[in-house]
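Peer 1: In numbering that gives the first Met the number 0, the protein residues as written are 0 to 197.
There's no promise every hint is true.
For lysine-lysine, the following DSS-like pairs were computed, each having C-alpha atoms within a straight-line distance of at most 25 angstroms [what the hints assert, rightly or not]:
no.	residue 1	residue 2
1	K109	K97
2	K71	K97
3	K102	K142
4	K71	K167
5	K97	K142
6	K102	K151
7	K109	K142
8	K68	K167
9	K71	K109
10	K167	K151
11	K151	K97
Derived from the structure by calculation, the hints contain no laboratory data.
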Amino acid sequence: MKSSKQPVWALVMGVLVILLAVGVVVLLLLWLADVVKTLDAPKAAIFVSLVGVLGIFLTQSLTGYWNRKLEKERAQLARRTEVYESLVRSLTGMLTAKGDAGKRDEHFQKMLDFSPQVIVWGSGPVLNAWNHFRYRLMSVSEKPFRENEFLKITADLLKAIREDLGHKDRNKVFDSDLLRPFINDAEAGQNYSIAPSE
Numbered sequence: 000m001k002s003s004k005q006p007v008w009a010l011v012m013g014v015l016v017i018l019l020a021v022g023v024v025v026l027l028l029l030w031l032a033d034v035v036k037t038l039d040a041p042k043a044a045i046f047v048s049l050v051g052v053l054g055i056f057l058t059q060s061l062t063g064y065w066n067r068k069l070e071k072e073r074a075q076l077a078r079r080t081e082v083y084e085s086l087v088r089s090l091t092g093m094l095t096a097k098g099d100a101g102k103r104d105e106h107f108q109k110m111l112d113f114s115p116q117v118i119v120w121g122s123g124p125v126l127n128a129w130n131h132f133r134y135r136l137m138s139v140s141e142k143p144f145r146e147n148e149f150l151k152i153t154a155d156l157l158k159a160i161r162e163d164l165g166h167k168d169r170n171k172v173f174d175s176d177l178l179r180p181f182i183n184d185a186e187a188g189q190n191y192s193i194a195p196s197e
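Could you put together the complete structure from these sequences and hints?
Peer 2: Structure follows, in structure tokens:
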């Protein structure tokens with residue numbers, strides 16, 4: 000899925016392309032009208048019929064192309080949703096397994112096993128957030144988390160997942176709102192920043 004924040008130039012280019020396409024179609028129709036006027040009746044009827052058949056063929060081809068493209072996007076979205084739901088369930092299990100280290104480790108291992116699926120199905124921002132999250136979890140024994148670092152990287156991963164699934168509220172949802180379901184002391188309406196290294 001594409002980011003909801005498109006650059007202004009992309010919007011302008013899109014409008015220009017649409018205007019150009021409409022202009023070409025109008026000029027083509029005017030030219031066809033001139034051609035039909037110069038033909039006698041039987042030839043004009045044949046010409047108009049051929050243009051009509053060509054128009055139907057092009058319309059059907061374009062419709063089929065767009066339908067296949069939309070179906071492919073829907074199938075990919077369904078698969079990504081399934082992968083992300085399982086990943087978030089494992090993350091939730093790991094975060095809520097308070098005193099049970101065995102259960103927490105089991106959920107942690109399940110989460111780490113998602114790497115191949117995230118590589119195949121995740122968008123670039125999700126893959127980047129996942130790699131950073133996974134790297135920090137794996138290296139925490141050598142380099143402990145700084146203040147709020149775990150909260151920030153977890154929220155960044157969840158935001159990237161939501162954006163990939165089509166939510167357009169990345170800058171409207173606070174980090175703490177995403178974490179409050181499984182972190183009790185996450186205050187409402189708060190974004191986290193990582194404390195500088197000492």
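Peer 1: Taking the hints in turn, state whether each one holds.
Peer 2: How the hints compare with the structure:
Using a Cα cut-off of 25 angstroms, the hinted pair K109 and K97 holds, with the two alpha carbons roughly 17 angstroms apart. Only pairs whose Cα atoms come within 25 angstroms are accepted, and K71 paired with K97 is rejected, the gap being roughly 41 angstroms. For the hint pairing K102 with K142, the CA-to-CA distance comes to about 24 angstroms; that is within 25 angstroms, so the pair holds. Of the pairs offered as hints, the one joining K71 and K167 holds, with about 21 angstroms between alpha carbons and a cut-off of 25 angstroms not exceeded.
For the hint pairing K97 with K142, the CA-to-CA distance comes to about 22 angstroms; that is within 25 angstroms, so the pair holds. As the CA atoms of K102 and K151 are separated by approximately 23 angstroms, the hinted pair is consistent with the 25 angstroms bound. Simply put, K109 and K142 have alpha-carbon atoms about 23 angstroms apart, close enough for the 25 angstroms limit, and the pair holds. For the hint pairing K68 with K167, the CA-to-CA distance comes to about 22 angstroms; that is within 25 angstroms, so the pair holds.
In summary, the hint linking K71 to K109 is not supported, as the alpha carbons are separated by about 28 angstroms, beyond the 25 angstroms threshold. Taking the CA atoms of K167 and K151, the gap is near 19 angstroms; set against the 25 angstroms cutoff, the hint holds. About 20 angstroms separates the Cα atoms of K151 and K97, which keeps this hinted pair within 25 angstroms; it holds.
This entry does not satisfy hints 2, 9, going by the numbered hints stated previously.
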